[in-house]
Amino acid sequence: MTLPEKYSRWNGIPREEIDWHPTIDESKCTGCGMCVVSCGREVFSFNVGKKKSEVSNPLQCMVGCTSCRAWCVFSAITFPEEQRVKDFIKRKNILPHVKTLLEQKRQNLT
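Mapped onto this note's numbering, the consecutive letters of the sequence shown carry residue numbers 15 to 124.
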């Protein structure tokens with residue numbers, strides 16, 4: 015499966031360059047499916063044979079989002095340290111791009 019165009023970049027950076035996606039600990043996953051049905055980006059799928067959720071589309075995960083970790087009542091989902099994303103933002107100098115996007119949004123509202 016190829017990465018859909020709408021998920022291919024994050025603040026101007028190719029999504030493949032950003033190490034951010036969930037990991038499932040199979041020993042904790044009970045196969046409840048909460049992550050599969052709750053993620054609007056279809057990051058997860060359900061493996062019927064294993065009766066477990068799987069991360070099938072990791073690059074579709076919204077950078078910085080950890081909602082699925084909060085929904086997982088069995089604490090089976092983890093993410094990289096958030097500091098990695100903050101360091102990436104600084105290293106790639108993303109804030110000027112964000113300020114441009116913010117200004118565009120502000121102009122669209124007025």
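These are computed hints drawn from the structure, not numbers from a lab. Note that the structure is a prediction, hence the values are computed from the model and not measured. Do not rely on the hints blindly, as some may be mistaken.
As the list claims (entries may be wrong) - With a straight-line cut-off of 30 Å between C-alpha atoms, the simulated DSS-like cross-links for lysine-lysine are:
#1 Lys106 to Lys119
#2 Lys66 to Lys20
#3 Lys20 to Lys104
#4 Lys42 to Lys64
#5 Lys42 to Lys104
#6 Lys42 to Lys66
#7 Lys106 to Lys42
Unchecked claim - Estimated spans, in silico, between C-beta atoms of each pair:
#8 Glu19 to Asp39: 17 to 27 Å
#9 Asn61 to Thr124: 40 to 50 Å
#10 Arg120 to Trp85: 14 to 24 Å
#11 Ser89 to Arg55: 34 to 44 Å
#12 Phe88 to Gln118: 33 to 43 Å
#13 Gln121 to Gly63: 17 to 27 Å
We put the CB at the ideal spot given by N, CA and C, even for glycine.
message: If you test the structure against every hint from before, which numbers come out violated?
response: Violated hints (numbers, rising): 5, 7, 8, 10, 11, 13; every other hint is consistent with the structure.
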